[in-house]
Every structure is written in C-alpha cells, then in structure tokens.
Amino acid sequence: MRERFFRIIGALWLSTLVSASLSTAQTVNVDASVNAKSIGTEETVAYTINVSGSDGTDLLVPPAPNAEGLTLIQSLPSTQRSVSIVNGQMSQSFGFTWIFRPTREGNATIAATTVKVGNREFHTGPISVTVVPQAQRPPPRRQVDPFSSLFGNQVDQAPEAPAAPSNTDLFIRAIPTARSAYQGEQVIIEYQLYFREGIQLRQSRLTDSWDAEGFWREELDVETRPVPRIVVENGLRYNTIVLKRAAVFPTRAGAMSVDPLKIESEAMLPFGNRDPFQSMFSLRNRFSQVQLASSKVTIEAQALPGNAPVSFDGAVGRYAMTVTTDRTNLKVGESIQLTISIAGKGNLATLSSPKFEVPNSFDLYDPEISSLLDRSGRELTGSKTFRYVLIPRSNGSFEIPPIEFSYFDTNSKSYKTSKTDATPITVSGTATTPDVVVATTNGMPVDDFAPLFTSSSVWKQANPASLHDRAWVYFLLIFPSMVLLATVVIKKRRDKFSHNVSWARSQRAHPLSKKHLKQATALLASGDISGYYEELERAVLGFVGNRLNIAERGLTRERLDGMLANEGVDVELRNRLRNLLDSCDMGRFAPSSVTPENMELALDEASSIIPDIDEQTAMES
Amino acid sequence: MAKFGVLFLLFWALLAPAGSVSFQQEGSTMLLEAAVQSFDEGNVQLLNGQFSAALELYTQADQGGWASAELYYNMSLAYHRLNKAGLAVLYLEKAKRLSPSDVKVLHALSVANHRQADRFSQLPDPFWQKIRLWLVNRISVFVAFGIGLSMWIGLIGLIIGKMLFGLRGDWWRRARILTGSFAFCLIFYALTTSAWPPIEEKAVILSPEAGLHELADNTSKEILRIHEGLVITVKNRSGDWAFVEVSNGSKGWVSTSLFETI
Chain A
163 MRERFFRIIG ALWLSTLVSA SLSTAQTVNV DASVNAKSIG TEETVAYTIN VSGSDGTDLL
223 VPPAPNAEGL TLIQSLPSTQ RSVSIVNGQM SQSFGFTWIF RPTREGNATI AATTVKVGNR
283 EFHTGPISVT VVPQAQRPPP RRQVDPFSSL FGNQVDQAPE APAAPSNTDL FIRAIPTARS
343 AYQGEQVIIE YQLYFREGIQ LRQSRLTDSW DAEGFWREEL DVETRPVPRI VVENGLRYNT
403 IVLKRAAVFP TRAGAMSVDP LKIESEAMLP FGNRDPFQSM FSLRNRFSQV QLASSKVTIE
463 AQALPGNAPV SFDGAVGRYA MTVTTDRTNL KVGESIQLTI SIAGKGNLAT LSSPKFEVPN
523 SFDLYDPEIS SLLDRSGREL TGSKTFRYVL IPRSNGSFEI PPIEFSYFDT NSKSYKTSKT
583 DATPITVSGT ATTPDVVVAT TNGMPVDDFA PLFTSSSVWK QANPASLHDR AWVYFLLIFP
643 SMVLLATVVI KKRRDKFSHN VSWARSQRAH PLSKKHLKQA TALLASGDIS GYYEELERAV
703 LGFVGNRLNI AERGLTRERL DGMLANEGVD VELRNRLRNL LDSCDMGRFA PSSVTPENME
763 LALDEASSII PDIDEQTAME S
Chain B
383 MAKFGVLFLL FWALLAPAGS VSFQQEGSTM LLEAAVQSFD EGNVQLLNGQ FSAALELYTQ
443 ADQGGWASAE LYYNMSLAYH RLNKAGLAVL YLEKAKRLSP SDVKVLHALS VANHRQADRF
503 SQLPDPFWQK IRLWLVNRIS VFVAFGIGLS MWIGLIGLII GKMLFGLRGD WWRRARILTG
563 SFAFCLIFYA LTTSAWPPIE EKAVILSPEA GLHELADNTS KEILRIHEGL VITVKNRSGD
623 WAFVEVSNGS KGWVSTSLFE TI
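Each protein sequence line maps, in turn, to chains A and B. Per this note's numbering, the first sequence runs over residues 163 to 783. Per this note's numbering, the second sequence runs over residues 383 to 644.
Everything labelled a hint here was simulated from the structure, so no lab data went into it. Any given hint might turn out to be false.
Said to hold, decoys possible - A few chain B residues that face chain A, going by a derived Cβ cut-off under 8 Å, partial list only:
1. N425
2. L428
3. G447
4. L453
5. N456
6. H462
7. V485
8. H489
9. V493
10. I521
11. V523
12. L531
13. I535
14. W623
Glycine residues also receive a C-beta, built at the ideal position from the N, C-alpha and C atoms.
With these hints in hand, go ahead and build the complete structure from the sequences.
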C-alpha cells in the first residue's frame, strides 16, 4: 500500500515536471527540408516537415504537399518524434516525411504547404529538386548481406573506401557583421561550421594561421563544447556550431581581406548501406579526412570624416569617460591620484589617454595603465583605466582643468565629446626642496630612482683575481705534503740507523774521522805530539773499522791488511796506510824523533788516505 | 749544500707571494683613495645637476680598479637623468651584484624595468643552478678554501702523529678519514666554483633596438626584436657576434656592438 502511494506521488511529480518543462517550451517553429537537392530518375527524395516547440497535443498531421515533376509514393507520412534535454530544458520535435519519385528529368518542385498547430497556421516555402539522368548519378552502394561473413560467404571482402562528404554536406561560413566599416570600427566575424544531420566529426583542428592584414584583431570567446543548432538552408537541414568569433578593427582605409579559416577534420557520413557488423567493428574506416576552408571576407574600410574635434585621438566605437581624484585637499609634496576610466565598445587596446594640463607647480608622472576586456559577448567591450600621480610643489588653490575625450560614434556616425568639470585642488603647507618626492610604502619615490648615495663605506676590487688564479693557493696546498714527505724520509732514515748497525757505522765513519782529524789538528797546534799521533791513528783506524764494520781494537797490522785486501783495496794504498800507522807509532812512542814537517805530512796523508779507502771500498761493495 | 739550496728555495717561495701582495696592496690603497675622492667630487656634480661631469668623475673612480654598489648606483642615476636607459640598467645590475639586497638598487631596477619596452616572461633557473647559487651566496670560495686548507693541514698533522708518536686506533683512523674527506670536498668546491662560477655572463642591450638573428649575420632571419635596457645572457661568442638568450628562453645571435657585459 505504502509502495503504491509512493509510486502515485512519483508519477504525479514526474508528470508535473514534464508538463512544466513543456509549458516553458519555446515558440513553435516549422520548417520543411529534403534529403537531397539532386536525384537520379530512378531515385527517390524524402520531404520532411519538422515541427518544434509544440508538445504535440494540438498538432494536426499536415496534408501531403503537391509536387510538380514528382509523384508521391505514399499519401500518409511516416512520423518521427524526438525529445532532447539541453541545459535542463526539455524540448521535443515532430517530423512528417513523404517519399517522392521523379516523373521526368529536369527541375521538380514540391509546393508550399500549411501546417496547423492549434489554431495557428504555419506556411512552408516551396523546395526545388533537380532530376538528372540516372547515368549521371554515382553508382548505388553495394548491398551487403550482414550475415554473409557470419555464415562463411567470404565473397568480395575488399574494404570499401569511406564516402567523402561533398561541399553541400559540410562547409564553413564566415559571417561578418558588416562588409563596410569606418577605420577603427569594430566588425565581428563569426565562423560557423555547417554539417548535415547525421555527419559525425572528430579530431578537428586549425590547419593554418588565421591572419587579417590591415586589421587590429581581438579574439572573442566561443563555446568550447558547443551544442549544435539546427537550421534549414536551401531546403536541407544542417547542424551548425560556431568555430571562431573575432573582432577586427580596420587600421587604414580601403578594401582589405581577412584570410579564410581553414580546418582539417575527420568526418563520417551516415548514408550508405554497409555491413552493420563491419561498421560496428571498424568505425575507424568509416571516417574520411576532410579539409575545409571558409571564404575570404572582404571589408571596405572608409576613412573617418574630417571634422574631428581637437581632443579626438583615434577612438572609434561607443565610450563613456569618468574622472576621479582620491582627494582634493593635501599638503605640499603629498600626492593625488587622478584616475581616468574609459568604458565601452571598441578597440580599447589602442585607446590612448586623454590629454590634459596640470598647474605648473604640479609634477605629473607617467600613468599606470590597466585594461579589462570582456570577450564573452558577441562584441568586444571593456574598460581602460589611466592612473596618474600628481604632486604639488607649492601651496595654494589650484584647478585641474576639464578633461576632454572625443570618439567617433559608429551608431550616429558622428564625433562625440565627453567632458568633465574642472577639479579644484587645495594645497596647504610650505614648499619643500625639489628632491623630496612622494614615497611608496618602502620609502622609495614613485616611478623614479631614489636620491644618490653620498658616501660609500664598502669598496671592493673591481676585478679581483679568482682563487684558482693565485699561486699561493697551490703553494699552501703542496707545502703540507712536502712536510709529510720530509717526515717520512727522516723516519725511514732513523729506523735504518736503529736496525742496520753496519749501515749506521758506515754512515758515521766520515763524521767521526773528521772529528778526530780536527782534534789532531788542534793538538798539533798545542804541541802535544803523542796526543796528536794518537788522534791521527784513531781517525784512520776508526774510519776503517766503521767502514768495514769491525772492531779496530786489538787488530794486528796483518789482519787489517788482509781485510782491506778482501774489500778490494789495492797494495799501494795498503802500504801507505801501513806506513802512516808506523809513523803514528813512532810519534807516540818516540816523540823526540819527530819533526813538525813530519807531523804535517802525516796529517795530510791521513786526510788523503780516508777518502781513498772510502772510494775503493765503495767501488768493491 | 744541496740542503741549503732547497731550504732557500722554500723560503723564497714563501716570501715571494707575500712580498708581491704587500706591494700590490700599497698601490691599490693609493688607487682606492683616488677612487673615493673622485666619487665624492662626482656626488657634488650630481647634486648640482651636472650629470655628464659627474659621470666623468665616477668613470675615473671606476677605472682605478675599485668599485662599490654606491658608485655604480650613482652612475646609473646620472645615466637615468640623461635618458640613457641601457647604461642606467647596466650600472644598476653591477650595483646589484655588489649589493644584492640594497633597497634603493632594487627599487631603481624595478622603475627601469617598468620603462623597458620588452615584456618577456621569466624562465626559472634549473635546480642545480639554484643550489650552486645558494651555496656560493652562503659560503664564499675563500672561506671554503680556508677551512679546507686548515683541515688538510690537520690531516697531515694526524698522519705525522701516527708515524712519529704512534697515534693509532679506531678514533684516530676515523678522525683522519673525516678530516681528509672534508678537506677534499671543501678545496674541490672552492677551486671548481672559482674556475667555473655559477653566474652566467649577462649583458645589457645599449642600442635603442637590436635584432635577434637566426645566424651570426645581419641578412639572416630576425627571430625577435629587442630593445634598450634588456638584460640578456651571453652563451657564446664568435667574432663580432654573440649567441644570447632572452629571459623567456628565445635564443639568437646579436652583434656585440649592441650590448655591454655587466
């Protein structure tokens, strides 16, 4: 019971909604169209009367139209009803279609007819159709058995080329709002794509840049997801969408052309008897590439009349000007903002600021300009604002004179001038130095550099050498490495001294012998003969002992001689050594027999023998 | 004897740079004093509205090899008053390099840019460029080199300590590795940044108009028309032509006579 109650309520609500939607439907529209304007003698033509905007309750089936050169195949029309919801608005239309067959070649006409909707009558226009010999018509498409492929009949499976649409099926129309305009006047050009009902389009894109030489151009917004509008054109029904809308402004007088709009797209025709299964699984093949271009639009631009007012600076269209100031009472050095705003229809981008004079004691800065363009409508509108900053330099009562703005009104085709009242300004305070200017929020002057720096504390070298160009950088990097290297060498030498006794003694041989020789020289000078010879013997024997790594104490002359012979010391040198050691013994034990000359000779001999032994033992080793 | 020779060479190597530095410093100090004097005299001329005379004095100060943001700003102000927008921007950019956050300089640059005829969008710098710039702005190459060198000496000390005093063990080893790694990274950073700084060569268009050409030839196709005061990046040079990039990424050849490097 409860469920039934809700069903009734739901049905009532739905019917209310539908009736409300239909009641708000647009006005009734009736049009007539044919499916082809040219047919063969063996073909037929479908004539359709379409009624939209009616809910159908008061619509009577129209009578079949009379025709000349055509005969009606059936007297009762086939009917169609279509319902669509666009933006929440429901609309429905009814179609009545009759099929005619030609009776002869030549021009045929379907006469005008009358459609009654309630108590209103609508009249359609006559439509002419050309009947040509069947041989001039393209061959009919193959009749394909949709089930042949399913049941193994694979005869003639070559793919059929997709049908290309003709110029009447698909085209772009360029519609300018005017073919003649004044220089600087706004002309809107709308590019509409027309395509026959049932044609599907995809992957459409502009193929060439659109240009309009001699015009200032501004693009207007168009729907990015347009809903096609149905129109009957020359007896055929088309869907249309707006591809592009642009406002162009002639920049000079004369005839000038706007380039065609070119697009490339893929189109699929609805006509043709194709295998539905093939069609279903090979949609791709059914689209054919099409290239479309609109016609050129030529606009005749005429020069503006010559009686322009002095304040006219090229503005064409319809404008309104407002001038405001942020204050009228201020102190010397403070700023006033004067805002001139011009709003209206026309080329705002090229609009220049009206000229005006300011009192001599006022500084006038360049304006800050901003524009606000509205591109959403069917023409370009908007506003342009010029913000001036004025700074009085002396006190008193001043007046900003009236500001004039003139434009050429395209509606009245005459110049019009808008003029403001004079603006009184009262400036108080005392005059300051000229370089005191109004400051922005960070303390800087408006639209000007700040005053100079009177001192500079930080000076830097203009082109200092880079780090990598300085030699000391590399020296500082290498020096620690050299210290390390030296440490390693010293450490190794120290280790060798402590571990290799023979090498250590060999290294010490020379310094020790030199030390003894030095002491011997000192003893020679002091006259200590035995001490002298003792040091001399110690120097020579000590050197040999260290060099050969033997203990020199208790070493006999013969053993010493033998060891030196083993080390490769020649006989002559060994004899010299023996003689020196003998003379040392003589000097130590019988000092009275030694002369100073002998002592010096012994010292020289010792100094000579030590390097000789060193040389010969080194060669042997 | 040979040891003495080596020691002498080392001594000389240590003293020679120091000597040349002190000599240079003495000369530079005199030039700095002259530059400061020219700057002060230029200021007087600028305050009196003698812009050309002020510029002559400022140029003398600039040619002494010393520079300051204030000097370049005042030069820019003088050029601005003489309606030489390109030179005004050039010296403002120079001032900005020496003092990147100076309010006066930044304000003057915004005023100059507002009057510039070209309005190009700004492409962002690549992230590695931003990182390098960030690093250079925070750690100068000299500071990095100083710290790196100290660590390098420390590492040598640690190695010597190991050899001579037996400083061994895990902690000593870690200290050597860490010190060595930091020393290497800092010295590498300092030397590479000095040799290849992250700041590209920038220039300012001084001619009222200049064509950005497809090839280094006046007859080649003009890609873009640029105007006085525009800052461009010089990518390459070939004779009297330079391959430059505009802030929006457009690249082309422009004659070197039409711009001056910052």
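The hints, checked one at a time:
1. N425: With a minimum Cβ separation of about 6 Å from chain A (threshold 8 Å), the hint on B:N425 holds.
2. L428: 5 Å, holds
3. G447: 5 Å, holds
4. L453: 6 Å, holds
5. N456: 5 Å, holds
6. H462: Hint on B:H462: holds, closest Cβ of chain A at ~5 Å, below 8 Å.
7. V485: For B:V485, the interface hint holds, since the closest Cβ of chain A sits about 6 Å away, which is under 8 Å.
8. H489: 4 Å, holds
9. V493: 6 Å, holds
10. I521: Hint on B:I521: violated, closest Cβ of chain A at ~13 Å, above 8 Å.
11. V523: 5 Å, holds
12. L531: Nearest chain A Cβ about 6 Å off; hint holds.
13. I535: Given a least distance of 5 Å, the restraint on B:I535 holds.
14. W623: 25 Å, violated
The earlier numbered hints that this structure contradicts are 10 and 14.
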